[in-house]
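Read off the chains here:
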Amino acid sequence: MAQRIIPLRSTIEPPLLDDWHPVADVGALVTGRDYKTKLFGIPLTIAISDKAATPAIQSGDGGAVDAKVKYGHVWACLGVPARDVVAIPEADEPGRCSVSGGSLGVASSGLRTVENFFDLAHFPFVHTNYLGVEPYTQVMPYEVVVSPDGLRTSICQFYQTFQPAGAPATGEHVSYEYRVFRPYSVGLFKANPHHPERRDCVALFVQPVDEETCIAHSWLAYVPDKIERSQIRWFMQLIMAQDKPILENQLPKRLPLSLRTENSLRCDTLSIAYRRWLRDLKVTYGAIPADG
Amino acid sequence: MILLYDYVLSGDCYKVRLLLAMLGLEYSVRHVDFYPGCEQRSAWFLAINPLGQLPVLDDDGLVLRDAHAILTYLAVKYDGSGQWYPRDSAPTIGNVAMWLSFAQGITETVSAARLHDTMLSDLDVIKARKGAHGLFRVLEEHLWFAEQEGSDWICNWSHPTIADIACFPYIVLSEEGGISRQNYSAIRRWTDRVKNLPRFVLAPGIFATAPRA
Amino acid sequence: MAEMGITVADQAPAGQWFPLAALGEVTVRHIFHTQLLGEELAIWRADDGFVNVWKNRCPHRGVRLTLGTNSGSELLCRYHGLRFTSRTGQCAFVPAHPDRTPAKVLCVKRYGSMERYGFIWATLDDGANVYSQAGPEDIHVTTLRSLPFDAPVGAVAEALARGYRFQPIAAPNDAQEADTDCAIEMLDAFTIRVTASHRGGSTTVMLFPQPVDDARTVVHACVLDEVPQQHRLAVLRHHNDCLARLRDIVEASPV
Chain D
4 MAQRIIPLRS
14 TIEPPLLDDW
24 HPVADVGALV
34 TGRDYKTKLF
44 GIPLTIAISD
54 KAATPAIQSG
64 DGGAVDAKVK
74 YGHVWACLGV
84 PARDVVAIPE
94 ADEPGRCSVS
104 GGSLGVASSG
114 LRTVENFFDL
124 AHFPFVHTNY
134 LGVEPYTQVM
144 PYEVVVSPDG
154 LRTSICQFYQ
164 TFQPAGAPAT
174 GEHVSYEYRV
184 FRPYSVGLFK
194 ANPHHPERRD
204 CVALFVQPVD
214 EETCIAHSWL
224 AYVPDKIERS
234 QIRWFMQLIM
244 AQDKPILENQ
254 LPKRLPLSLR
264 TENSLRCDTL
274 SIAYRRWLRD
284 LKVTYGAIPA
294 DG
Chain F
554 MILLYDYVLS
564 GDCYKVRLLL
574 AMLGLEYSVR
584 HVDFYPGCEQ
594 RSAWFLAINP
604 LGQLPVLDDD
614 GLVLRDAHAI
624 LTYLAVKYDG
634 SGQWYPRDSA
644 PTIGNVAMWL
654 SFAQGITETV
664 SAARLHDTML
674 SDLDVIKARK
684 GAHGLFRVLE
694 EHLWFAEQEG
704 SDWICNWSHP
714 TIADIACFPY
724 IVLSEEGGIS
734 RQNYSAIRRW
744 TDRVKNLPRF
754 VLAPGIFATA
764 PRA
Chain B
11 MAEMGITVAD
21 QAPAGQWFPL
31 AALGEVTVRH
41 IFHTQLLGEE
51 LAIWRADDGF
61 VNVWKNRCPH
71 RGVRLTLGTN
81 SGSELLCRYH
91 GLRFTSRTGQ
101 CAFVPAHPDR
111 TPAKVLCVKR
121 YGSMERYGFI
131 WATLDDGANV
141 YSQAGPEDIH
151 VTTLRSLPFD
161 APVGAVAEAL
171 ARGYRFQPIA
181 APNDAQEADT
191 DCAIEMLDAF
201 TIRVTASHRG
211 GSTTVMLFPQ
221 PVDDARTVVH
231 ACVLDEVPQQ
241 HRLAVLRHHN
251 DCLARLRDIV
261 EASPV
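Heads up: the protein sequence lines correspond to chains D, F and B, in order.
The numbering of the first sequence is the working numbering, which starts it at 4 and goes up by one.
The numbering of the second sequence is the working numbering, which starts it at 554 and goes up by one.
The numbering of the third sequence is the working numbering, which starts it at 11 and goes up by one.
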């Protein structure tokens, strides 16, 4: 049984303390070499003895930390796990392929990073010609449902253009569904282009390094097709790198939970629901509390 | 046919992509999984560049590594105007070489800080940031006086050169390494001017500026 | 600064006006990024000449406006493309909802600003007039290069007041420091006037240390005269060198 860690616990609220958080891309680990990182400000050292084994995690005070491997990443729990690592049914389907986008450091609160992931209105401006383009900027209304599994949107539609090689530019409405699994984990679901009855999932597992710094671990679970993994990874990193300066230039760095601090628009339905949900869960790490 | 061994987030690769675009050259790309895959250390890539670094250019069998060497080659081979790498006299060649070396210093400081903050590299980021600000001060003063003397560009002539291309990527991405460009006003105006050059192309993390009036 | 017609409270940031940039620094279709007493500012000139001094933060989701674009009449936020109108700071267009009039609350915080003596001045005082342009009575100055200092404004102002020395324009190239008298007056906590006199004449320079935050300062400076074109570059370089030498001393001193 892993030893529980006592220092600094009082500063981390139970919904986060007793949950699993990503701490490394499995692909980043090298047998026999320690991998150092931080979670909630606590230094962690991760080591694997062989590729098949579950990594061992030691915390800064020398105590062991619960570890699991799932969805291409190593997950750590600093408290007593109240439940399992996030579950994504589409990703668990047999025959699925997956690729990680690579872990990127972001100098912003992980909660800001999650909120940016499910924001649609920025596509034409931050991801110009990749996820959106002017003048197709309108965000159609959508709904959000709250459940014990987190937040889920109805279908979000957005107009995207693309240019197939050697052909004129064309456009179509794409349909996304967003699910916020945990305060720091979110997924986007969209129909696979070749098997429209099945859905690909782009997940963002965010590791809170401290309240104003995080590591964004992106991951794609998709129905196998001919696209090269290098091409997928290129695209995932491109998108994340386009969002990075936006996040790092947001002030305040922590996510304000009061509705009065920032002015929301109609397209911010999920952002408003997310901030309210965090308040209801009494999550404050990486946030500015509503009464703060 | 030009083939570029490229990584999407590499500033050094972007230097080459930028000049290729400005020269109007077509090329194909071989993605190399620099991070997190470390593909530049794989056997097949080390056979092409034993230093295990990006970018590498293959122009019909001529293989060159090192971003600044590639910029020099492309400018000499393909720029009929001669403006990107003027070589009419020893002073002009010396001037460009001086600022290419400066750009290398930018890579060693500004890019290092970015590797630390973004790609989680273990290095002395405080030292890297301090070095970066030292270089920014030098460039800021230089560009400010260049403006006073009627030049918009690093080599102090009436047109940009590969020195501007070599300095641009890591400077404009400096905030990813915690190096703000607030109060480096001449550098900020210069980055706007580079972005307004004909056939300028973006890289992830860089945004377009307003066209000039 | 009473003779310049600006009322300034001694040592009191509230109501104090500060120069933030020489006019030539705030160029067309550009956004100037600075910070005053810890408050970040985005300064941009519209095509009609109006200079906006705004809080560097979009009222929607807090992204720095200096990341955005100056279209000549509006400042466009990089994140969601919201457009904020010159002079009023009001959001005129939200791309995500193109058919709706943006709420009045979507307005950038503006600061009082004015053009005087070759600089853009601003105050963080909420009650200030929003903007005024220089009038015909504005005296002619030659603005010098502004230098950032990694030191708090008190230390910088003190160092300037104690020992800023330079050669007047009339002095020959080989003039020695000992041949020149420098008379220094600290007009208030943020304004220092130095007159250098040589046999051939005298030159007066104004120095304005701008408090960026607790640890940083930008020193703005101008010559109280129109420097003849043939001397201009030499004068700019001379003061740049004088200030840079002083900066080395200030930054090397323990805080």
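Please keep in mind that the hints were generated in silico from the structure rather than gathered at the bench.
Just so it is clear, the structure is predicted and the values come from calculations on it, not from any experiment.
Think of the CB as a built atom: it goes at the ideal place given N, C-alpha and C, for glycine as much as any other residue.
Misleading hints may appear alongside valid ones.
[Said to hold, decoys possible] Subject to a maximum C-alpha distance of 20 Å in a straight line, what follows is the list of computed EDC-like cross-link-like pairs (lysine to aspartate or glutamate): (1) D:Lys256 with B:Glu50; (2) F:Lys680 with B:Glu261; (3) F:Lys683 with B:Glu187; (4) D:Lys39 with F:Asp677; (5) D:Lys41 with F:Asp705; (6) D:Lys256 with B:Glu49.
[What the hints assert, rightly or not] Here are some chain D residues pointing at chain B (derived, C-beta under 8 Å): (7) Thr140; (8) Pro248; (9) Ser261; (10) Leu262; (11) Arg269.
[As the list claims (entries may be wrong)] Which stretches of chain F does chain D cover? Using the computed rule of at least three CB atoms under 8 Å from a CB of chain D, they are: (12) 607-619; (13) 692-699; (14) 724-735.
Okay, the hints, checked on the actual structure:
At most 20 Å may separate the alpha-carbon atoms for a hinted pair to count; Lys256 (chain D) and Glu50 (chain B) meet this at roughly 14 Å. Distance hint between Lys680 (chain F) and Glu261 (chain B) is fulfilled; the C-alpha atoms sit about 17 Å from each other, no more than 20 Å. Our distance criterion of 20 Å between C-alpha atoms is broken by Lys683 (chain F) and Glu187 (chain B), whose separation comes to about 33 Å. Restraint check for Lys39 (chain D) and Asp677 (chain F): satisfied, since their Cα atoms lie roughly 15 Å apart, inside the 20 Å limit.
Of the pairs offered as hints, the one joining Lys41 (chain D) and Asp705 (chain F) is violated, with about 44 Å between alpha carbons and a cut-off of 20 Å exceeded. With a CA separation close to 15 Å, the supplied pair Lys256 (chain D) and Glu49 (chain B) stays within the 20 Å bound. The beta carbon of Thr140 (chain D) comes within 4 Å of a beta carbon in chain B, closer than 8 Å, and the hint placing it at the interface holds. For the restraint placing Pro248 (chain D) at the interface with chain B, the shortest Cβ-Cβ distance is roughly 7 Å, inside the 8 Å limit, so the hint holds.
Nearest Cβ of chain B to the Cβ of Ser261 (chain D): about 13 Å, over the 8 Å cut. The hint is violated. Proximity of Leu262 (chain D) to chain B is violated relative to the hint, the smallest CB-CB distance being about 12 Å (cut-off 8 Å). Interface restraint check: Arg269 (chain D) against chain B, minimum CB-CB distance 6 Å, threshold 8 Å, status holds. For a cut-off of 8 Å, the count of residues in the region 607-619 of chain F with a CB near a CB of chain D stands at 0, and the three-residue condition is violated.
For a cut-off of 8 Å, the count of residues in the region 692-699 of chain F with a CB near a CB of chain D stands at 0, and the three-residue condition is violated. Here's how the region 724-735 of chain F fares: 3 of its residues keep a CB closer than 8 Å to some CB of chain D, so the rule of at least three is met and the hint holds.
The earlier numbered hints that this structure contradicts are 3, 5, 9, 10, 12, 13.
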